[in-house]
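Numbering (our numbering), first residue to last: 366 to 477.
These are calculated hints, taken from the structure and not from any lab test.
Here the structure is a predicted model, which means the values were calculated and not measured.
Each hint should be verified, as a subset may be incorrect.
Derived pair list, reagent style EDC-like, types lysine to aspartate or glutamate, alpha-carbon separation capped at 16 Å [to be verified]:
| hint | residue 1 | residue 2 |
| --- | --- | --- |
| 1 | K447 | E367 |
| 2 | K431 | E373 |
| 3 | K447 | E370 |
| 4 | K425 | D443 |
| 5 | K425 | E370 |
| 6 | K447 | E373 |
| 7 | K425 | E446 |
| 8 | K425 | E373 |
| 9 | K431 | D396 |
Simulated restraints on C-beta separations [claimed, not checked]:
| hint | residue 1 | residue 2 | range |
| --- | --- | --- | --- |
| 10 | Q380 | I449 | 14 to 22 Å |
| 11 | M388 | R459 | 29 to 37 Å |
| 12 | K402 | T458 | 38 to 46 Å |
| 13 | N408 | K447 | 30 to 38 Å |
For glycine and all other residues, C-beta sits at the position ideal for the given N, C-alpha and C.
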Amino acid sequence: MELFEVTEVFSSLSQETRLNVFMLLLQFGRDGAVPTKIAEELNLPANTLSFHLSHMSRSKLVTSQKQGRSITYFANTDLMEKLIEFMQTHCCTREKVKAGRKSCRNERSCSL
C-alpha cells in the first residue's frame, strides 16, 4: 500500500459522517446497502450522502455494484486489511529489542 493511499483513507475516515457510513456498511457486510437504506439509518439527506459516498469511492473505501437501476455500496474490507498490514509493518521499527523479548513488529498490538 502506498503512502498516498494511506493518507486518502485516513482523510476520508476523519470526517464523522463518512466514518458513520463506513461503519454501517461494515455491519451490512457482503450484502451491502443501497443509498436509501443508508440515508434512512443515518438520517442523512440524499444529496449529503451522495457527496460522501462519492468521496469514499474516490479513496476506494467503498465499492459499488449496479443492479438494474439500483446501486449497492459495500465497505472495502480488503483495503482496510491492507491498511492494518501497512500499520503493522511500520509498528515498532525503531524499538530496541531487549534480550529474551521478541520484537512486536507485525503483531496485532504493540504493548510496551
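Hint-by-hint comparison with the structure:
| no. | hint | result |
| --- | --- | --- |
| 1 | K447 / E367 | 10 Å, holds |
| 2 | K431 / E373 | 24 Å, violated |
| 3 | K447 / E370 | 10 Å, holds |
| 4 | K425 / D443 | 10 Å, holds |
| 5 | K425 / E370 | 9 Å, holds |
| 6 | K447 / E373 | 13 Å, holds |
| 7 | K425 / E446 | 13 Å, holds |
| 8 | K425 / E373 | 9 Å, holds |
| 9 | K431 / D396 | 13 Å, holds |
| 10 | Q380 / I449: 14 to 22 Å | 20 Å, holds |
| 11 | M388 / R459: 29 to 37 Å | 32 Å, holds |
| 12 | K402 / T458: 38 to 46 Å | 42 Å, holds |
| 13 | N408 / K447: 30 to 38 Å | 31 Å, holds |
When the structure is compared with the earlier hints, a violation turns up for hint 2 alone.
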